[in-house]
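Model the full structure from these sequences, guided by the hints.
So for the sequence shown, full-length UniProt numbering puts the first residue at 1; every next one is plus one.
These aren't lab readings, by the way, just hints derived from the structure by calculation.
Here a beta-carbon is modelled for each residue, glycine too, at the ideal position from N, C-alpha and C.
Worth double-checking, as some hints may not be accurate.
Said to hold, decoys possible - With a straight-line cut-off of 27 Å between C-alpha atoms, the simulated DSSO-like cross-links for lysine-lysine are:
| hint | residue 1 | residue 2 |
| --- | --- | --- |
| 1 | K221 | K413 |
| 2 | K382 | K283 |
| 3 | K413 | K283 |
| 4 | K42 | K233 |
Claimed, not checked - Label-pair restraints from in silico Cβ distances:
| hint | residue 1 | residue 2 | range |
| --- | --- | --- | --- |
| 5 | P396 | D244 | 16 to 24 Å |
| 6 | D200 | E418 | 14 to 22 Å |
| 7 | L493 | D114 | 42 to 50 Å |
| 8 | G392 | Q474 | 38 to 46 Å |
| 9 | T389 | K322 | 34 to 42 Å |
| 10 | T399 | D114 | 39 to 47 Å |
| 11 | G416 | E486 | 43 to 51 Å |
| 12 | N368 | N278 | 47 to 55 Å |
| 13 | G238 | N273 | 42 to 50 Å |
| 14 | G238 | P411 | 26 to 34 Å |
| 15 | T399 | I488 | 48 to 56 Å |
| 16 | N368 | A185 | 46 to 54 Å |
| 17 | K221 | T497 | 39 to 47 Å |
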Amino acid sequence: MKNRYIKIFCIAIVSALTLASCDKGFEEMNKNPNALTDPAVKSMFTLAEIYVDGQDFSNTRGNNIYAAQIVQHFSSPGGAGSKYTYSSEYSAALFGETYGKGLNQIYQLLSVVDNTPENTNMIQALRIMKVFLFQKLTDTYGEVPYFEAGKGYNGNIFSPKYDTQEAIYNDLLKELDEAGTALDAAKPFVGSADLYYQSDVARWKKLANSLMLRVAMRLSKVNPAKAKEFVEKAYSKGVFTSNDDSLVLKHDAGPAGVKTNPITSSWVRNDLNGGESNIKFSKTFIDLLKNTNDPRLRIYAKLEATGDNNPASQQGLPNEAKDFPGGDKKLFSDPNTSTVLRLDAPTLIMSYAEVQFILAEAAVKGWNVGGSAQTYYENGVKAAMNILTIFGDKVPAVTTAEYNTYITTYPFKTAGTEAQKIEQIITQKWILLLFNGFEAFSEYRRTGYPVLVPVNDPTGDTQGTIPRRLIYDQSELITNAANYKEAIQRQGLDLMTTRIWWDK
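In structure tokens, the structure reads:
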């Protein structure tokens with residue numbers, strides 16, 4: 001398989017060419033102390049792309065510690081995500097970083113780019129990136145500032161109102177539909193400054209439509225008619241057709257925190273320590289792959305202390321564990337530092353396999369997506385196994401024979417109920433979404449799959465139920481108090497147990 005890699009430029013160099021980016025908070029995001037007469041828009045565009053998947057701060061705290069442990073990809077004794085305990089720093093990380101960096105960068109760029117035919121492709125791409133960021137935000141917290149966000153640049157709005165999730169979702173779908181259509185291969189783009197697809201407009205169109213699938217399917221229970229409408233529209237407009245279309249962001253091994261993978265870098269540099277990490281693979285994840293002889297296990301996991309990636313040797317840590325059974329951390333499985341946890345491990349932002357699983361679910365529901373659930377499911381499993389070649393050749397890739405054995409031993413349940421089929425599809429998506437804890441957390445809440453056993457720990461803040469959201473950045477009580485209070489009056493108390501709009 002030919003994988004499309006995306007070369008990251010040094011953020012330090014890029015940052016020197018951009019407007020100053022703030023770390024967190026609306027009051028910082030909406031300040032515009034810089035008056036550039038000749039902004040380096042291509043460099044700003046590059047940095048916006050890098051920020052779409054977040055930086056070390058939100059990925060370490062919000063992803064690795066919270067979301068990925070809530071959905072039992074990983075586990076840690078006393079971990080906030082494993083035990084459902086509230087940590088203001090961890091819970092607020094995604095909120096502050098996304099508004100302060102990712103969205104800040106996009107809104108700054110939009111404020112200095114003229115809306116002309118020469119800039120139309122850049123503008124449409126920014127609209128698509130904005131959807132990535134806002135969907136993650138609203139799925140994690142519920143209502144968030146949306147329509148007034150970024151208006152400090154041209155509207156002097158420094159305390160933006162929160163919007164209902166229904167209104168946000170309606171606009172996300174509109175943005176993707178319009179932006180995908182407006183992309184024009186006959187017009188200029190940004191050349192090699194586009195890390196995603198090197199200014200290949202056709203691939204950007206597929207990305208817009210594939211993301212539309214993700215956004216639309218999130219409405220499957222709260223508004224199934226709209227979900228069906230936009231899933232079918234996205235499919236008809238053209239989505240990813242192979243792993244070559246997958247959005248893969250490549251990283252370098254150094255310098256640390258500049259070009260390294262934002263999910264893995266702090267983990268490898270500070271926490272792993274030859275197997276001494278407190279965060280390990282969850283028993284839920286390891287047992288599922290071991291019990292099904294999943295060939296991906298040797299690529300995902302190893303015992304860091306010995307370098308042993310033999311699937312038979314892998315052991316996951318129960319999420320309810322208060323310490324390490326036997327007292328030896330080194331006996332529990334770590335993410336493989338030869339593959340998925342390399343400092344330069346690429347980030348899989350959105351994949352062809354995910355698209356196939358969404359289409360499989362749509363087919364189960366009887367929606368018009370041009371194929372059978374079984375075919376889409378099998379394509380998804382195969383693609384999910386094959387895409388792991390992006391992590392290098394230090395561990396043998398999954399072979400065709402291994403895939404055939406796996407899919408024959410665990411075939412799609414064509415004679416099963418709708419619920420059984422969807423459980424099978426979402427469980428495979430859960431495996432695929434390793435290291436994308438936020439998306440896995442959203443899919444778990446939407447579907448209830450995979451089936452997880454809740455942790456009832458006395459230190460928890462949810463009375464033994466799996467969280468339904470994260471708690472807002474509490475600085476909002478100071479900087480945006482009236483709008484924050486209005487949002488929780490509509491949505492419900494600012495608790496981890498409060499369900500958001502689409503979570504039915």
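Hint check:
Distance hint between K221 and K413 is fulfilled; the C-alpha atoms sit about 22 Å from each other, no more than 27 Å. The hinted pair formed by K382 and K283 meets the criterion: a straight-line CA distance of about 24 Å does not exceed 27 Å. Distance restraint check for K413 and K283: the Cα-Cα separation of roughly 25 Å lies within the 27 Å cut-off, and the hinted pair is therefore satisfied. For the hint linking K42 to K233, the alpha-carbon distance of about 31 Å lies beyond 27 Å, and the restraint is violated.
For P396 and D244, the hinted distance range of 16 to 24 Å is satisfied, since their beta carbons lie about 22 Å from each other. One distance hint, 14 to 22 Å for the beta-carbon pair D200 and E418, is violated here, with the actual separation near 38 Å. Range check, L493 to D114: Cβ separation about 44 Å, and the 42 to 50 Å hint holds. Range check, G392 to Q474: about 41 Å between beta-carbon atoms, so the 38 to 46 Å window is met.
One distance hint, 34 to 42 Å for the beta-carbon pair T389 and K322, holds here, with the actual separation near 39 Å. With their beta carbons about 52 Å apart, T399 and D114 fall outside the hinted range of 39 to 47 Å. At roughly 45 Å, the beta-carbon separation of G416 and E486 lies within the given 43 to 51 Å, and the hint holds. Between N368 and N278 the beta carbons are some 48 Å apart, a value that agrees with the proposed interval 47 to 55 Å.
One distance hint, 42 to 50 Å for the beta-carbon pair G238 and N273, holds here, with the actual separation near 47 Å. For G238 and P411, the Cβ-Cβ distance of about 29 Å falls inside the hinted range of 26 to 34 Å, so the restraint holds. In this structure, T399 and I488 meet the distance hint of 48 to 56 Å, their C-beta atoms being roughly 52 Å apart. Checking the proposed 46 to 54 Å range against N368 and A185 shows it is violated: the Cβ atoms sit about 28 Å from each other.
Under the hint 39 to 47 Å, the C-beta atoms of K221 and T497, about 18 Å apart, miss the expected range.
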